[in-house]
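Student: This is what each chain is made of:
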Amino acid sequence: MTNKLFSPIILLLVLAFLIGPFLIIIAASLSAGETLAFPPQGLSLRWVLKVFEVESFRASFGISMFLAIGGTLAALILGIPASYALSRYKVPGAETIRTIVSSPIIVPGIIVGLALLRYFVVPFNFGILFALFLAHTALILPYAVRVVSASLNNLQSDIEEAAVLLGSSRIGAFFRVVMPNIRGGILAAFILGFVTSFNQVPVSLFLSGPGVRTLPIDMLAYMEITYDPSVAALSALLAFMSLGIVFLAERFLGFSRYV
Amino acid sequence: MFQNRAEAFALVLPAAIFAAVVFLAPVLILLSEGFGSGDSWTIQAYIDFFSQSLNQTVFLRTLKLAALVTAASAVIGYAAAFAIVNLPPKGKGRITGLVVLPLMISPVARTYAWLVILGRTGFVNKALVAVGLSDEPIRFLFTETAVFIGLLQLFLPLMIISLISALENMPRDAVPAARVLGANWLQVFTKVILPLTKEGLVIGGTLVFTGSMTAYITPAILGGSKVLMLETLLYQRVTVANDFVSASVIALILIVMAFAANLLLKRLATARNKR
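Chains A and B supply the protein sequences, listed in that same order. If you read the first sequence in our numbering, its first letter stands for residue 1, the second for the next number, and so on. If you read the second sequence in our numbering, its first letter stands for residue 1, the second for the next number, and so on.
Derived from the structure by calculation, the hints contain no laboratory data. Note that beta-carbon positions come from the ideal geometry of N, C-alpha and C, so glycine has one too. There could be a bad hint or two in this list.
[As the list claims (entries may be wrong)] Here are the computed distance ranges between Cβ atoms for each label pair: (1) A:ILE106 - B:PRO176: 39 to 45 Å; (2) A:ILE106 - B:ARG5: 26 to 32 Å; (3) B:SER134 - A:ILE9: 53 to 59 Å; (4) A:TYR119 - B:ASP173: 38 to 44 Å; (5) B:LEU181 - A:ASP158: 47 to 53 Å; (6) A:VAL164 - B:ALA174: 31 to 37 Å; (7) B:ILE47 - A:GLU161: 57 to 63 Å; (8) A:SER157 - B:GLY182: 49 to 55 Å; (9) B:LYS226 - A:ALA16: 26 to 32 Å.
Only chain A is shown next, with the shape it has when bound in the complex (with noise of 0.2 Å):
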């Protein structure tokens, strides 16, 4: 059958084209050169040293991962409680409410930049970091609820009446029974909002000031000065800390079942 020749070609034709440009990126950060190039101009590790030293790259890695870790917090403070209601009462316009909360996947991220710069940054004098907290908070929220929503599908809601039938409260029920039974889907909600935030640029594009700018936006602005390999470092580096998030995930509680 031709099938037996033609399908390891294809595969070994998108792989390269998927993964390929990825270790270009490794190679090209090796560099010894000034500028980026690939085949690098022998190896060292001065461009991946030199990440480290960009003064702008710590200041804005530091906000990056505020951002991350505290929009997937508030955005979990905020779903968790919004996903039980939906999936366990019979809430009023639930489908109404569904929509909101799960708008923001919808629409353009840079819309959502934009219209918070113009309507809440100008005329309120919102700083321009918590307007990003709010909106990496609005862009993690509809996959916090989705995600927390569909372990709390996977369980079974007797064991939390059987619960209160012995006598615990409601509230004493969901920390002592529902939590630990969706700790799994939390956590990989967790992981999933800290990379979709920390990767964002659409959200970030309009929201940056003055010593306020995220990772990826000041990635892009460094690139549009300099053509040397420390973006390409810098890019590596932050592709393996990706992978290594995901790669412990994937060990200690099979992310990809919640994904």
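Given the structure of chain A, go ahead and fit chain B onto it with the hints provided.
Tutor: Coordinates of chain B only, in the frame set by chain A:
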């Protein structure tokens, strides 16, 4: 199911109010700016927008690139997904993992790689000159081709994973049965595989199309100001000209097209075969 309304609202309202205030309200106000600032509503801004030839070009280019990327990813996606589904279980898991892996990597990093590959002194040009296929470097960057390649690489994994799950849900013996009954591969594809995996194709297609249409990073890095797409045009209108009316117009166009693509593809998927 619990019936207590007050409790239900207390749990669900914080999230709903947050999304409505931080997200829906500002976006709706932004969209309303495209219809005039006074008492009367007008679509003049839309007429002005579409009467400029640059805007027409950008609009059509965005549609064209999104459609081309969707079509190319569907063709490649079917071939790849079919090959993956027929692998032994262990290999299937690994290869699927490799296909999904790029989704976890920052799109800035993934797009940046193409600068190294397609640039004037890039890998492809060096190879072309060395082999003697070209006397001088060919200009790839800041062309539609570069943007197309970048977008395809960005969104192909979404199509492949949608098609993998569609193909896996297909009855195992449908293809061999059709073959035994004398269908050639083209007939197998159009009469058996395509109708049975239409939903996966639609899900993948919607993700790829809307993703490409609303992409910012790829056209910004690989297209620059030579190959503007709607999002890069929006950014330019705001940063260069403080033109929020055009921004509002582009925003609504993007949202409407995303919804239209969604509806159209859904319609196509649910349209039953007449025979």
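Student: Please go over all the hints and tell whether each is borne out by the structure.
Tutor: These are the hints, each one checked on the structure:
no. : hint                            : result
1   : A:ILE106 - B:PRO176: 39 to 45 Å : holds (41 Å)
2   : A:ILE106 - B:ARG5: 26 to 32 Å   : holds (28 Å)
3   : B:SER134 - A:ILE9: 53 to 59 Å   : violated (26 Å)
4   : A:TYR119 - B:ASP173: 38 to 44 Å : violated (58 Å)
5   : B:LEU181 - A:ASP158: 47 to 53 Å : holds (49 Å)
6   : A:VAL164 - B:ALA174: 31 to 37 Å : violated (49 Å)
7   : B:ILE47 - A:GLU161: 57 to 63 Å  : holds (60 Å)
8   : A:SER157 - B:GLY182: 49 to 55 Å : holds (53 Å)
9   : B:LYS226 - A:ALA16: 26 to 32 Å  : holds (28 Å)
When held up to the earlier numbered hints, the structure conflicts with 3, 4, 6 and fits the remainder.
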